[in-house]
Amino acid sequence: MAKIIVVTSGKGGVGKTTTSASFATGLAMRGHKTAVIDFDVGLRNLDLIMGCERRVVFDFVNVIHGEATLRQALIKDKQHDNLFILAASQTRDKDALTADGVGRVLDELAKDFDYIVCDSPAGIEKGAHLAMYYADEALVVTNPEVSSVRDSDRVLGLLASKTRRAETGNGRVKEHLVLTRYNPARVQKGEMLSVDDVREILAIPLLGVIPESPAVLSSSNAGVPVIANKDSDAGRAYEDLVARFLGEPREHRFIAPEKKGLLGRLFGT
Amino acid sequence: MTPKKALEFKGRMLSLTRARILDPDLAAITAQLQDFARQMPRAAQGMPVVLEAEMAVDLGAVLAAMREVGMQPLGVTDGVLAASARQWGLAVLAPDGPGRTGRSAGTVEPAGAPAARRPTRIVTEPVRSGQQIYAAEGDLVVLSAVSAGAEVVADGCVHVYGALRGRALAGARGDAQARIFCRRFEAELVAVAGVYAVAEQMQSDWRGKPAQVRLADGKLRIEGLDG
Ligand SMILES: Nc1ncnc2c1ncn2[C@@H]1O[C@H](COP(=O)(O)OP(=O)(O)OP(=O)(O)O)[C@@H](O)[C@H]1O
Ligand SMILES: [Mg+2]
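Chains as they are written, first to last, in UniProt numbering: chain A, 1 to 269; chain G, 1 to 227.
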């Protein structure tokens, strides 16, 4: 039975789509058959980051409305043949998604995928609600700043109350904290919240810290998820994150400022 | 054909500030209001107020002075102000707040009178931003944190065994004996029986520490819990 994972945040622009693309790709690279769905109806861009925007014929909304089959709409990734993308519609609005329709598509996907990754739109309205509704687990993407943390907190409240699991009393959605665009130098100067600050406020397990990195933009311009860029700090951080998600222990990296003096390195502060 | 729905009624807890007029001297009232607004501009702005008095006052002038500093007088408690309040289009509320009537000012309830009490409400999940939890006619126990932007309300006491970062209101129906207890005091707002303080107004000594909040002589007191 497939596991459904929502990538959500509340606040916009924090790195959900970047995380969805690399997370799904990372699961596929490790041999798991994975589908990633763009729930951001009206604002397609998962397909851009996955580099398949020129191959979109049918989208998620078409499948929900019976205008195309799932098989027709799933776009196979160029690099990994166990990775598929279901694009969002650019021409419909968010009301085109219905709880029943989403449920049906997820049920059908669940039959032959291991993981289904749902890239949520920002906000806490319908699109975000539907993206999280059927989830088994959630990656809560947060930037190290107060407003983002506050929105993530809000989303955690919704995960605990407004999901199928919560409503049917069938356990709870497993929560993971993903701290993105982390800049240790700015944290040290007190300009951003630290990993510990954010963990303390949100009180959920930390899955990964992704550093602020120019590689993210260059990868997305190239249409390749940053995890495929093995030389980049952000790519390696996403790889660690996927490994941890699959139960492999990995130290957290990229948390301390890079150019540390000898003393700093010796004492590991 | 279904008739068009023009109104929706929603129950909502509002925190009102009661302003008790101790001296009808208009100049003194105006000076104190302006003082308050200078010290706590954010609290004064838009503050919903219910006026109380036991002597006659020039209500129109008091209303003008309150509005001048940004407050919003909404009504008066029943009594000497009632007649002129109606003239000014204000609400006249029962002395003990909504939901309680029939007790005339001045009567003291016999000590230990059994108030309606329901079992304590225990919340094991963190209370997250945007959530509101209300324990009617009883105490509320929260085992973990109350986030900034969350609100916990009880007619009795509020106990928070994690950090209290949001708003906590005890004695929501006027029980002045109710208290708030928390393991770590970082509240945005606390209130007991309608007397409240926002973060800006709280002494900072107990920030980040275990603390309780209670009413003493009609004033909020925040005290440490250790020792
Ligand atoms: N680790 C990072 N380092 C640098 N830039 C990043 C990082 N993560 C994301 N970005 C940039 O931040 C912007 C927003 O990222 P992304 O689209 O993934 O966010 P989102 O949460 O999906 O946004 P939306 O809420 O609009 O869907 C993009 O320009 C992306 O390149
Ligand atoms: Mg996005």
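Just so you know, the hints here were simulated from the structure itself, not pulled from any lab data. Given the structure is predicted, the values throughout are model-derived calculations rather than measurements. Please note that a few of the clues may not be correct.
[Unchecked claim] Here are some chain G residues the structure puts well away from chain A; computed CB gaps all over 10 Å:
1) D35
2) M55
3) E125
4) P126
5) V127
6) Q131
7) L189
8) I222
[Claimed, not checked] One side of the interface only, derived from the structure: several residues of chain A facing chain G at Cβ under 8 Å:
9) D107
10) R150
11) A203
Yeah, the Cβ is synthetic: ideal placement off N, Cα and C, and Gly gets one too.
Verification of the hints:
Remark: the non-interface label on G:D35 is consistent with the geometry, its nearest Cβ contact in chain A lying 32 Å away (cut-off 10 Å). Here G:M55 stays apart from chain A, with its beta-carbon at least about 46 Å from theirs, past the 10 Å limit. Under the 10 Å C-beta cut-off, the non-interface status given to G:E125 relative to chain A is violated; the minimum distance is some 6 Å. Its closest Cβ contact with chain A, about 6 Å, brings G:P126 to no more than 10 Å, contrary to its assignment away from the interface.
Against chain A, the non-interface label of G:V127 is violated: not every CB pair exceeds 10 Å, the least being about 8 Å. Chain A draws G:Q131 into its interface by the beta-carbon criterion, the shortest separation being 5 Å against a cut-off of 10 Å. Here G:L189 stays apart from chain A, with its beta-carbon at least about 16 Å from theirs, past the 10 Å limit. Every CB of chain A is more than 10 Å from the CB of G:I222 (nearest about 22 Å), matching its label as outside the interface.
The interface hint given for A:D107 is violated, since its Cβ lies 28 Å from the closest Cβ of chain G, which is over the 8 Å cut-off. Using the Cβ-Cβ criterion of 8 Å, the hint placing A:R150 at the interface with chain G is satisfied: the shortest such distance is roughly 5 Å. The beta carbon of A:A203 comes within 6 Å of a beta carbon in chain G, closer than 8 Å, and the hint placing it at the interface holds.
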